[in-house]
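Model the placement of chains B and C on the given structure of chain A, informed by the hints.
The chain contents come next:
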Amino acid sequence: MMAVPSSTYPRRLLPLFLGLFQGALLLFFALFVIYDEPSAQAEDTNLVANQVYSTFPFFQDIQVMLVVGLGLLLTFLPRYGFSALTHNFLLLNFSMQWALVLQGLLHHFHHGQIHLDLHKLLISEFAAVTVLISVGAILGRASPCQLLVMATCEIPIYLASEWVIVTCLGVLDVGGTITIHVFSCYFGLGVSKALFKATQQPLHPKETPTTSSDLMSLVGTLILWVFWPSFVAVLCQPGDAQHRAILNTLLAMSASAITTVVASSLLERDGKLSPGHLQNGSLAGGVAIGVVADMAMPPAATLALGSLSAVVCVLGFGFLTPLLRRKLTLHDQCGIHNLHGLPGILGAAASVVAVLWWGQQALCQAAGLAVATGASLLAGLLTGAALGLPCLARPPERLCFDDSLYFKIQDQAESAGLDSSAEEGALALKERV
Amino acid sequence: MMAVPSSTYPRRLLPLFLGLFQGALLLFFALFVIYDEPSAQAEDTNLVANQVYSTFPFFQDIQVMLVVGLGLLLTFLPRYGFSALTHNFLLLNFSMQWALVLQGLLHHFHHGQIHLDLHKLLISEFAAVTVLISVGAILGRASPCQLLVMATCEIPIYLASEWVIVTCLGVLDVGGTITIHVFSCYFGLGVSKALFKATQQPLHPKETPTTSSDLMSLVGTLILWVFWPSFVAVLCQPGDAQHRAILNTLLAMSASAITTVVASSLLERDGKLSPGHLQNGSLAGGVAIGVVADMAMPPAATLALGSLSAVVCVLGFGFLTPLLRRKLTLHDQCGIHNLHGLPGILGAAASVVAVLWWGQQALCQAAGLAVATGASLLAGLLTGAALGLPCLARPPERLCFDDSLYFKIQDQAESAGLDSSAEEGALALKERV
Amino acid sequence: MMAVPSSTYPRRLLPLFLGLFQGALLLFFALFVIYDEPSAQAEDTNLVANQVYSTFPFFQDIQVMLVVGLGLLLTFLPRYGFSALTHNFLLLNFSMQWALVLQGLLHHFHHGQIHLDLHKLLISEFAAVTVLISVGAILGRASPCQLLVMATCEIPIYLASEWVIVTCLGVLDVGGTITIHVFSCYFGLGVSKALFKATQQPLHPKETPTTSSDLMSLVGTLILWVFWPSFVAVLCQPGDAQHRAILNTLLAMSASAITTVVASSLLERDGKLSPGHLQNGSLAGGVAIGVVADMAMPPAATLALGSLSAVVCVLGFGFLTPLLRRKLTLHDQCGIHNLHGLPGILGAAASVVAVLWWGQQALCQAAGLAVATGASLLAGLLTGAALGLPCLARPPERLCFDDSLYFKIQDQAESAGLDSSAEEGALALKERV
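Protein chains in written order, with the UniProt record's numbering: chain A, 1 to 433; chain B, 1 to 433; chain C, 1 to 433.
Keep in mind that the hints were calculated from the coordinates and are not lab data. Keep in mind that the hints are not guaranteed to be accurate.
Same chains, same names: a pair is fine if it fits in one copy or spans any two.
In silico lysine-lysine, BS3-like type, Cα no more than 27 Å apart, as pairs [to be verified]:
id: 1; residue 1: Lys272; residue 2: Lys408
id: 2; residue 1: Lys206; residue 2: Lys327
id: 3; residue 1: Lys197; residue 2: Lys327
id: 4; residue 1: Lys206; residue 2: Lys408
Chain A extracted, bound-state conformation:
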């Protein structure tokens, strides 16, 4: 494993960028952010306590999903697991803080003050999710600085897009199917297209998952699968709507899990299942159901939506991703188009059908989808072009997908105790020879 010559690689940009950001955040908080006044009345205290009990468990579930579940899902690259986990964690924190600032300025700025509460943190966390999804398109081939610049651009664009879609167009999307999944997918693809331009990315030798990296990644999928209902239902109206959102998500994801096995097995000539299909297809139902989760639709429609989204996800991996790579030289490392794009569009289409009798609203849903797709793709292309700046230090091809570029980490071969073992084998042989 070659060491990277430190002279050729700008090592100080990352701490400088993050340090300045953290300092600016501190200043911003010192000037504008306060907590709510402690309430003197016992009734108010009960109210706050109830809010804590009704929101906090959902919030924790979502944190587990993003920090542990999504982090592990990204460790399928066998020599890039530490980077994937760390970058995901870093981007979540950065984006959440950045969204907190922007949302505070835009929506919650009253008399020179921003009142912070758990609900505002939750909303910022939702904004951060878009970044975590988008980076999936360029995972392993981008430097941390590039990812941070990408997050810096994506958060305000997301907030603008979400404002247009939800506030102006009045789109119903309780689980973020359109506003989060579709938006972040096409933003990520735009970035990838602009960053890698017309050059087709060759298959990197470190890109192929191993059994153990695939296993870790599947554990991540399962964690996401378990907690997904919390993500969809947290912002629902308590009571019937929330209950329905939980049930719909559970049903859709259960249908996805089984249909993924069917589709993956039929797709491959020898009937073997592909780990990548399982890791993504099982979650497709959760992506699609978000936009209709709290609507009063028949349970059978939920099952159908969950199954269909798993099918399009698996077909996406089988046919569309290779096609996009070949025809459009579009690189999509984690297949976010199959997990977030296609099922998201499917869900949006379902929502159009679900509110068809409502006339106007159906048009709004369709318009929201168009905005989420178009605006994000355009903004992604522009962001991707900015990421090409040389100072952001995109890693050279031969150092991609490798933890040792960013971390003081043991060489992987050593790490498995291999060198010594191979040496032992060799020595044993020597004696025999």
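Positioned in the frame of chain A, the structure of chains B and C alone reads:
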């Protein structure tokens, strides 16, 4: 690693079976299943919200146990981890949906409609647990199709047995010790006996756990250990009974954890602990306590029960499993008899003692145990005979315990980067030679 | 890998010690411990149910932190993962039960009875945390018997120290920064100093983390990071105080996560991040914030505290730990001084500032810190001297950091399938040669 000749192996049965099932489920849902009507009154809404808050966190805990905890526990087979995790996940979803249908038809069919709610999903999940436990007896030597057929048979038999035990006999068993653990253990052993007949299964070279597979499996145990109180307490009466069930489960499992170390250390001549004992014994208290968890018994009895169940579990691994294998040619891959059978019987016996002053009820508890043991063993033997059908494609011995039979997965040696490393070692040697 | 001659190693002490303890606990429970009487009134039942719903989710979160999160964090030693996970689990159970007995006798003994409830279990769990932290100083070089004796000594000393600090001095410390983190850090360092005396511990070949052990450890960090707010907030007054504690912890830990990257990157000449910094620094904010979490301080101060604690943690790893090792021959395996000591002192200092306007209270906070530091160091030194008793079987240096000393576990090289592979490589070569 040899490739399986795809001509000799029926690859299309699995997707066909699952696809038809999913289609039939869709039809069934379309015809009969609806959600509760949204309630117009604010009071009702509050009621629903409270039910969500009181049930949903327990439900999520149980999902984590079954999907992540149990899944990881089964990854102790070093080359079969991906299969264990995926089959467990698939069986959970399949069995849950199948139980939903059957329970809907049997218990909740009113005026041609089945009203779906979170509680009914939870009950179906409990039914699915029996399948996940039973397959432990034949893990690694059965095809997915065999496992699915086993689930198809086990769910209705469980529902019948549970109806007899709880409804007819009035057995008290809030944590499912008799109805779930004892039942599924003897069902699984019956299947194993009938499937492998009188031939003693030889020790397979891929059967021995490695350090890293044992570590993953222990993480699974710990996840199960942490969330077990939710499993026992979720169906308790809220208030004192639920509080007591939580405390009893915590105490029993804590005693199990310590006693397992004592028993395992005393059993082995060199005093070293066996990973298998730790992975199972620590959970034995949770199995045994279920049937008495909400009863008003002294905390000391809880501790004693937890300790005793760990002792019988470890002794079971040390003496009974080898004996059963030798004398009865009974194969029990995961030792489900030691984790679910023996502690379950112990718990049932404890429940007889606990309600002894109640006369009649003590007899009922004993009768319930007899039904759970006898009926499940008989049904398991019949099911196992059916699994022997050639079309279900039991894998040949040399391909057992191997992920590559069902998954497009890297060879394990490659996956650890070994080939290249060994080659490097060899090349380095070559140069020296 | 050499086998340990079983004659030279006292194998029966561990089961004897634990078995006697478990028996004595059983006796104690039989004589003194009861549950609360079931309450007949519906109102009381509602009250109990509400307490269960408000405490139990927090309790489960803390169990996940200690059993899974902390356990995984300690698996950074590549050949000692199974031991780290098991010893952590065993010590938690042992210490919790031991604390339950002592606290029952000291605080809750009324008319010859101790009423057990979830809150008392939670308090005992907090006591157990001190042991889990302290053992980090000597991880890998101490036998299980030594760790158990250490726990036996530490729990009563903690209870005494906590009584002095909280009850006598009236120190405010809702998240245990002073009473738990600072106390256990200096206790652990005292033990380490007395146990290893003036001999500097050489770097052991098995001490260096590998990529995969570092990855598992980071997963542990992330689990701790996610659930930390529950640990800090569980004992807060429900309502505003608890809400504030959750927000403060979230903010502080988010600032820690980002600042750790800044500090670690600046510290290393080549700008690469050190896994050890990330694993610990990200949590430093949670340690520091505990003592002020429920106070009405500005959010900006929380951010500053989180950032600062990450900086001192990383600097501690970079400069102080090597210095202490060289100058004071003080051995600190997991760097508990950097994660618990320095941020804890920082948090205590912040609490002095936060209550400065309150006069008297500021002095109390400072006095509490002094007691926690001084008493624990002294007690740790005495305990460490006792651990040196030959009968406690400190493992010889060459057998340290190795699972195979205590567990019937596959050799690590074998476990990765290496021997066979290296052999295959060698054989392949042979053919070529």
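Against the structure, the hints:
1. For a Cα distance limit of 27 Å, the shortest separation of Lys272 from Lys408 across copies, 6 Å, qualifies, whereas the shortest one inside one copy, 38 Å, does not.
2. Taking the shortest alpha-carbon separations for Lys206 and Lys327, only the intra-copy value of 24 Å comes in at or below 27 Å, while the best inter-copy value is 44 Å.
3. In this homomeric assembly, Lys197 and Lys327 come within 27 Å of each other (Cα to Cα) only inside a single copy, at 13 Å, whereas the closest approach across copies is 56 Å.
4. Proximity of Lys206 to Lys408 under the C-alpha cut-off of 27 Å is found in both arrangements, the shortest distances being 18 Å within a copy and 17 Å between copies.
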